[in-house]
Amino acid sequence: AQSVTQPDIHITVSEGASLELRCNYSYGATPYLFWYVQSPGQGLQLLLKYFSGDTLVQGIKGFEAEFKRSQSSFNLRKPSVHWSDAAEYFCAVGARTGTASKLTFGTGTRLQVTL
Amino acid sequence: ETGVTQSPTHLIKTRGQQVTLRCSSQSGHNTVSWYQQALGQGPQFIFQYYREEENGRGNFPPRFSGLQFPNYSSELNVNALELDDSALYLCASSARAGGDYGYTFGSGTRLTVV
Chain F
1 AQSVTQPDIH ITVSEGASLE LRCNYSYGAT PYLFWYVQSP GQGLQLLLKY
51 FSGDTLVQGI KGFEAEFKRS QSSFNLRKPS VHWSDAAEYF CAVGARTGTA
101 SKLTFGTGTR LQVTL
Chain W
1001 ETGVTQSPTH LIKTRGQQVT LRCSSQSGHN TVSWYQQALG QGPQFIFQYY
1051 REEENGRGNF PPRFSGLQFP NYSSELNVNA LELDDSALYL CASSARAGGD
1101 YGYTFGSGTR LTVV
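One line per chain: the protein sequences are F and W, in this order. With our numbering applied, the first sequence corresponds to residues 1 to 115, in that order. With our numbering applied, the second sequence corresponds to residues 1001 to 1114, in that order.
Please keep in mind that the hints were generated in silico from the structure rather than gathered at the bench. Treat the hints loosely; a few may be bogus.
Coverage of chain W stretches by chain F, computed from C-beta distances (three or more under 8 Å per stretch; other residues unrestricted) [unchecked claim]:
| hint | region |
| --- | --- |
| 1 | 1013–1022 |
| 2 | 1033–1041 |
| 3 | 1054–1062 |
This structure is a prediction, so every number in the text was calculated from the model and none was measured. The C-beta atom is built at its ideal place from N, Cα and C for all residues, glycine as well.
Please build the complete structure, drawing on both the sequences and the hints.
The following block contains the structure:
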C-alpha cells in the first residue's frame, strides 16, 4: 500500500527566505505525486503535480518540486517566501483502487512566515 | 466554471444520529470523491463515484455511503455517528474517471459529533 511521510510538522521561515518542505513516499510503481496547499477554512488547492518526464516540476505561486526516485522523495521548494504563503502543505501520491483514482496524503506541514 | 460547493459549512450532530452532507460539482465533472480530514491529519479517501456508481472505496465502514446524481451533485451519508467522525469532509470532482487526478476540491463541511 502506498504511503506518504512529511517529517516536518511545523516550519517557520522569515519572509524572503528560501523554503524546502520534505516529502517521502512509498509506492510500488511509478508514482503520481502532488503538492496541495490548504489555507484555514479552505479546501485544497493544487500547487503542482508530477506524472512523468522532467523530474523538476514547476507549479503555481512560484513553487517547484523535484522528484528523486532513488530517495523516494518529492520535496517542495520556493526561493523566496511571501507572508501569504503561510498555510498547511500536503504532499500526496495518486494510486488506483478498483477503477477509482485516490490520493493518499501525508499529515501535512504547517508553514509559518515571520515578517 | 462555478467550482465545487459544499453544504452546510458547519454542522453539529449527536452521537448515534445520521447526517447528510452535500456537494455540487463543476458542470461536466462526472467523477466525485469524498475525503475525511481529522484535525491535524491529512485527508483520507472515503470513496469515489463515477457516473452515479461507486467505483472505489477506502477503509471506511458501510455506515458511510454516498449518492451521485445526474446534475453533478452528490451526497455523503453517515449513519450511527460516532465521536471519531468529527472531521472536515471534503468533496473533490473531476471531469475524468481518475484520468489525470485533476480534482477540484470544495471548502469542506466541518462536522462535530457530540
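Results for each hint:
Against chain F, the region 1013–1022 of chain W contributes 0 residues with a C-beta closer than 8 Å to a partner C-beta. That does not satisfy the three-residue criterion, and the hint is violated. For the region 1033–1041 of chain W, the stated coverage by chain F is satisfied: 4 residues place a CB nearer than 8 Å to a CB of that chain, which reaches the threshold of 3. For the region 1054–1062 of chain W, the stated coverage by chain F is satisfied: 4 residues place a CB nearer than 8 Å to a CB of that chain, which reaches the threshold of 3.
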